[in-house]
Amino acid sequence: GEDVEQSLFLSVREGDSSVINCTYTDSSSTYLYWYKQEPGAGLQLLTYIFSNMDMKQDQRLTVLLNKKDKHLSLRIADTQTGDSAIYFCAEMHTGRRALTFGSGTRLQVQP
Amino acid sequence: NAGVTQTPKFRILKIGQSMTLQCAQDMNHNYMYWYRQDPGMGLKLIYYSVGAGITDKGEVPNGYNVSRSTTEDFPLRLELAAPSQTSVYFCASSFSPEGGTEAFFGQGTRLTVV
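Here the protein sequences line up with chains A and B, keeping their order. Mapping of the first sequence onto our numbering: residues 8 to 118, in sequence order. Mapping of the second sequence onto our numbering: residues 113 to 226, in sequence order.
Check each hint, because a few of them may be wrong.
[Stated by the list, open to error] In silico SDA-like cross-links for lysine to any residue, where the CA-CA straight-line distance does not exceed 20 angstroms: (1) 156/B with 113/A; (2) 121/B with 48/A; (3) 43/A with 150/B; (4) 43/A with 156/B; (5) 121/B with 44/A; (6) 121/B with 47/A; (7) 121/B with 45/A; (8) 156/B with 14/A; (9) 156/B with 33/A; (10) 43/A with 213/B.
Simulated from the structure, these hints should not be mistaken for laboratory data.
With the rest of the complex left out, here is chain B (with noise of 0.2 angstroms):
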């Protein structure tokens, strides 16, 4: 019953330092999409996935990298963390993007640059 999985939940990182948020579904959804959220706002899209090895930029990519080398996994990677990337950061899939379509999300993690 694990739907969308994010790891970590909590993570502090320091400005210039790297990371990667772990992101795994396990429904064989094909459309998986990474997006964050800042206080008082509405989910922005960052980066989006039909499926494994294709992957397409969201609204606010800049900063970001992901890859997609399997159905299951979607990683999100920040290579040099500033400040205004401190957000939480939801990872969601579907099946697909069709309306009706129920777009499953994970717990979030929450990023602290400083």
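Isolated chain A (complex conformation) (with noise of 0.2 angstroms):
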């Protein structure tokens, strides 16, 4: 199965709090990621999150780490339609040189 997996779409409306989900199976990941990918661009770090942290605020992001679960989420507060995008949730481990990515959760804005 998948490394990583996320639900493929989320509606929200503007000025509301977006919370996107991401589920991994290797216990041995040491960083996790949130990419973002506007249409026709490619993908653009937003935020990442160490495995010895259980939380990371940065502005509107929160990255909030759930390790027992291998649960990752990211909310972004008051959002906005310029955040209508596809989120992908990544992870990096030991081992490995390479990113795996999820198949990433399209956020739509309503306004």
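Each of the two chains sits in its own frame; use the hints to bring them together as a complex.
Below, the structure written as structure tokens:
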């Protein structure tokens, strides 16, 4: 099965909070990432969290990590139409030299 | 301010044709990667390189070849195009694979094989 899994679609209203969830299977993952892909563009790093952390906050973004359940979430506060994009969860662990990506969650923000 | 540059942006190939997808980075990164992105799927690693002259297979290398003669360039070669290779291809680079290091992506090459 997939190493990293995400739900495919999320729709929210402008101004609401968005929560995008991700589960991973490899307990040796050392870093977990969130990337954003806008239409017709490559991926851009949003934020990352080290596996010994539970939470990381960066302006409107909050990342929560539950190592026991191997669950990662990205919360976007005050979601704007410009946040509409595909969000990818990715992991890196010792022994690998490249990221493993989930299938992406398409966030649609309705005005 | 170039970053990672991929060419071409779009290409249509006939079955059995060959082509090279170009990738260049100007950040002096040692690590470079080729991914493919199929609709509704995540990115799958095709090949990667840890420095000039060194390449290694990723998850889905069949039907592709790469070379890394310089730090800057990492071309991806399709020898006998097949419809299964219809995808969007992304090149990426990073300073190192260590955690917390950002991977920079090109804008992608959309390839259709008919």
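Against the structure, the hints:
1. 156/B with 113/A: holds, 18 angstroms
2. 121/B with 48/A: Roughly 11 angstroms separates the two Cα atoms, so the pair holds.
3. 43/A with 150/B: Roughly 16 angstroms separates the two Cα atoms, so the pair holds.
4. 43/A with 156/B: holds, 16 angstroms
5. 121/B with 44/A: holds, 16 angstroms
6. 121/B with 47/A: holds, 10 angstroms
7. 121/B with 45/A: Since the Cα atoms of residue 121/B and residue 45/A sit roughly 16 angstroms apart, the hinted pair holds (cutoff 20 angstroms).
8. 156/B with 14/A: holds, 18 angstroms
9. 156/B with 33/A: holds, 17 angstroms
10. 43/A with 213/B: Holds, at about 16 angstroms.
Violation of the numbered hints given earlier is absent; every hint is satisfied by the structure.
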